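Protein chains: 2
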Amino acid sequence: MINLIEQQVDKEPILHQVSKMKDFLLNHVNQKIVFLTSGGTSVPLEQNTVRSIENFSSGLRGSASAEYFLKEGFVVIYYYRDKCLRPFARHLNVQKLINADQQELEKLNQLQQIDKTKLYEISYISVMEYLYFVIKAMEIFKELKLNLLVYLASAVSDYYIPKDMMAQHKIQAQDKLELELMPVPKILGLIREIYKEAIIISFKLETDDDILYKKISESMKKYNLEYCIGNLLQNRRDQIVIYNKGEFIKIQRNKDEIEEQIIEYFTQNIK
Amino acid sequence: MINLIEQQVDKEPILHQVSKMKDFLLNHVNQKIVFLTSGGTSVPLEQNTVRSIENFSSGLRGSASAEYFLKEGFVVIYYYRDKCLRPFARHLNVQKLINADQQELEKLNQLQQIDKTKLYEISYISVMEYLYFVIKAMEIFKELKLNLLVYLASAVSDYYIPKDMMAQHKIQAQDKLELELMPVPKILGLIREIYKEAIIISFKLETDDDILYKKISESMKKYNLEYCIGNLLQNRRDQIVIYNKGEFIKIQRNKDEIEEQIIEYFTQNIK
Numbered sequence: 351m352i353n354l355i356e357q358q359v360d361k362e363p364i365l366h367q368v369s370k371m372k373d374f375l376l377n378h379v380n381q382k383i384v385f386l387t388s389g390g391t392s393v394p395l396e397q398n399t400v401r402s403i404e405n406f407s408s409g410l411r412g413s414a415s416a417e418y419f420l421k422e423g424f425v426v427i428y429y430y431r432d433k434c435l436r437p438f439a440r441h442l443n444v445q446k447l448i449n450a451d452q453q454e455l456e457k458l459n460q461l462q463q464i465d466k467t468k469l470y471e472i473s474y475i476s477v478m479e480y481l482y483f484v485i486k487a488m489e490i491f492k493e494l495k496l497n498l499l500v501y502l503a504s505a506v507s508d509y510y511i512p513k514d515m516m517a518q519h520k521i522q523a524q525d526k527l528e529l530e531l532m533p534v535p536k537i538l539g540l541i542r543e544i545y546k547e548a549i550i551i552s553f554k555l556e557t558d559d560d561i562l563y564k565k566i567s568e569s570m571k572k573y574n575l576e577y578c579i580g581n582l583l584q585n586r587r588d589q590i591v592i593y594n595k596g597e598f599i600k601i602q603r604n605k606d607e608i609e610e611q612i613i614e615y616f617t618q619n620i621k
Numbered sequence: 351m352i353n354l355i356e357q358q359v360d361k362e363p364i365l366h367q368v369s370k371m372k373d374f375l376l377n378h379v380n381q382k383i384v385f386l387t388s389g390g391t392s393v394p395l396e397q398n399t400v401r402s403i404e405n406f407s408s409g410l411r412g413s414a415s416a417e418y419f420l421k422e423g424f425v426v427i428y429y430y431r432d433k434c435l436r437p438f439a440r441h442l443n444v445q446k447l448i449n450a451d452q453q454e455l456e457k458l459n460q461l462q463q464i465d466k467t468k469l470y471e472i473s474y475i476s477v478m479e480y481l482y483f484v485i486k487a488m489e490i491f492k493e494l495k496l497n498l499l500v501y502l503a504s505a506v507s508d509y510y511i512p513k514d515m516m517a518q519h520k521i522q523a524q525d526k527l528e529l530e531l532m533p534v535p536k537i538l539g540l541i542r543e544i545y546k547e548a549i550i551i552s553f554k555l556e557t558d559d560d561i562l563y564k565k566i567s568e569s570m571k572k573y574n575l576e577y578c579i580g581n582l583l584q585n586r587r588d589q590i591v592i593y594n595k596g597e598f599i600k601i602q603r604n605k606d607e608i609e610e611q612i613i614e615y616f617t618q619n620i621k
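Sequences listed follow chains A and B, in order. Throughout the first sequence, residue numbering follows the working numbering, covering 351 to 621 in sequence. Throughout the second sequence, residue numbering follows the working numbering, covering 351 to 621 in sequence.
Keep in mind that a hint or two might mislead.
If chains are identical, the list can't say which one is meant, so a pair holds when it fits in one copy or spans any two.
[Unchecked claim] Listed next, the in silico DSS-like pairs over lysine-lysine satisfying Cα-Cα at most 27 Å (straight line):
(1) LYS370 <-> LYS446
(2) LYS526 <-> LYS536
(3) LYS565 <-> LYS526
(4) LYS446 <-> LYS433
(5) LYS492 <-> LYS595
(6) LYS526 <-> LYS554
(7) LYS526 <-> LYS513
(8) LYS370 <-> LYS546
(9) LYS361 <-> LYS526
Please keep in mind that the hints were generated in silico from the structure rather than gathered at the bench. Since the model is a prediction, treat every value here as computed from it, not as a measurement.
Could you put the whole structure together from the sequences, leaning on the hints where they help?
Okay, here's the thing in structure tokens:
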């Protein structure tokens with residue numbers, strides 16, 4: 351599987367990101383650490399990319415969760431889709447700032463006071479770049495024997511177009527366009543294998559309740575995982591389920607953000 | 351054509367946007383006005399949207415052009431893809447702001463001083479929403495007999511999936527995914543027809559030089575248009591060609607932003 355992924359990416363810049371992250375981690379090896387992915391992934395349709403298939407995700411789940419993990423004393427590696435929401439910055443409305451809105455300027459002032467030294471941010475764009483980074487990062491986490499939570503909130507594409515099936519130039523207009531996409535390799539099993547001591551929390555987003563429960567149970571057994579957070583697109587800000595060892599725990603939002611309750615659950619249930 | 355587009359959108363909110371824009375324009379009827387579109391368009395693959403096909407565009411061309419039009423005294427209707435770059439706001443780096451970077455705070459202060467009363471902004475997401483708004487807006491422009499430039503810098507999708515061919519729920523994983531897309535209706539001819547007195551400047555982005563020139567010439571003749579700006583993805587910040595009446599004028603960047611030269615060209619050549 352790793353070979354297939356390697357063939358689809360430019361390895362050099364990704365390995366450089368991994369090595370810079372390692373330098374950061376070397377100063378935090380004995381702390382609680384969460385590796386948190388956030389935002390959608392992109393599947394280019396052409397080599398000189400003009401068009402792509404995107405998985406929808408604002409990055410709100412990930413960026414909010416990152417803040418609550420920081421509050422709980424975690425070191426946070428925030429691996430996010432370029433341009434999606436980021437911790438703290440997500441609260442600002444730039445339009446209001448340039449219109450000199452006093453409340454917004456006050457908010458900016460408060461955000462400036464927050465200690466961000468335990469937050470390390472790295473960005474990605476394409477799904478293959480994402481997969482390759484996550485695998486290489488897991489190898490580093492194992493090497494450093496980190497006390498690690500892996501929190502996979504990114505919305506990862508299920509299909510992609512292999513490089514050798516992509517058009518070289520912009521696809522030209524014609525009567526209709528037919529695209530054939532191949533399934534994206536599932537890396538959950540692989541990352542579980544790379545670092546068995548890590549606690550892995552995956553996410554599942556669906557639009558249909560029945561499918562959601564079924565898919566979570568299947569995927570947890572298949573990859574031998576402990577935790578999965580399930581949510582429906584239509585009410586994902588107000589309700590989630592946490593799967594653990596065959597059981598589903600429903601959480602209904604009763605705070606400003608449901609992410610605060612999610613992180614509370616994990617800090618209480620994971621030692 | 352308008353019927354086909356109407357079937358694909360929720361008309362009510364778009365007509366509301368058009369009517370609010372009209373209210374704004376009623377205070378500016380005797381001024382030079384530019385209707386400027388900016389950013390990519392989105393093609394949903396599912397009804398409960400999780401996935402979409404996107405046309406790449408940061409909105410830099412459009413947002414920079416908007417600023418230079420404002421500088422030249424134009425009233426600017428900025429019709430932009432939600433989350434793409436916007437005039438003035440584009441200059442700010444939120445990350446630097448929350449890290450209390452002094453230069454960035456100084457920049458914010460300068461941006462706050464700028465008069466933005468001649469700028470009116472409206473956002474869109476999907477390609478069908480875009481097409482419907484543009485047509486309805488042109489009808490208003492004609493009704494108000496505006497002295498109008500139409501500057502179509504948005505990167506509009508060439509293909510879409512009609513609603514009745516879309517999946518109701520998230521497409522489930524399978525061996526491979528085959529998508530069939532239909533061509534997006536071309537509205538250049540229609541908007542030319544709706545308001546003959548407007549000056550229309552369209553854009554063409556390609557990745558291959560030969561194709562670019564050929565496609566501009568064809569499209570200008572077909573829709574009976576005067577101006578088109580051509581650019582190649584790989585050097586679009588440094589070089590463009592302006593097509594006018596069968597001739598191509600090359601512009602090489604010699605200022606901070608080539609958009610300043612583009613707007614200079616039009617303010618000098620269009621009376």
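How the hints compare with the structure:
no.: 1; hint: LYS370 <-> LYS446; in the structure: between (35 Å within a copy, 20 Å between copies)
no.: 2; hint: LYS526 <-> LYS536; in the structure: between (31 Å within a copy, 14 Å between copies)
no.: 3; hint: LYS565 <-> LYS526; in the structure: between (34 Å within a copy, 18 Å between copies)
no.: 4; hint: LYS446 <-> LYS433; in the structure: both (19 Å within a copy, 15 Å between copies)
no.: 5; hint: LYS492 <-> LYS595; in the structure: within (24 Å within a copy, 65 Å between copies)
no.: 6; hint: LYS526 <-> LYS554; in the structure: between (33 Å within a copy, 20 Å between copies)
no.: 7; hint: LYS526 <-> LYS513; in the structure: both (22 Å within a copy, 16 Å between copies)
no.: 8; hint: LYS370 <-> LYS546; in the structure: within (24 Å within a copy, 58 Å between copies)
no.: 9; hint: LYS361 <-> LYS526; in the structure: between (35 Å within a copy, 26 Å between copies)
Checked against the numbered hints above, the structure breaks none of them.
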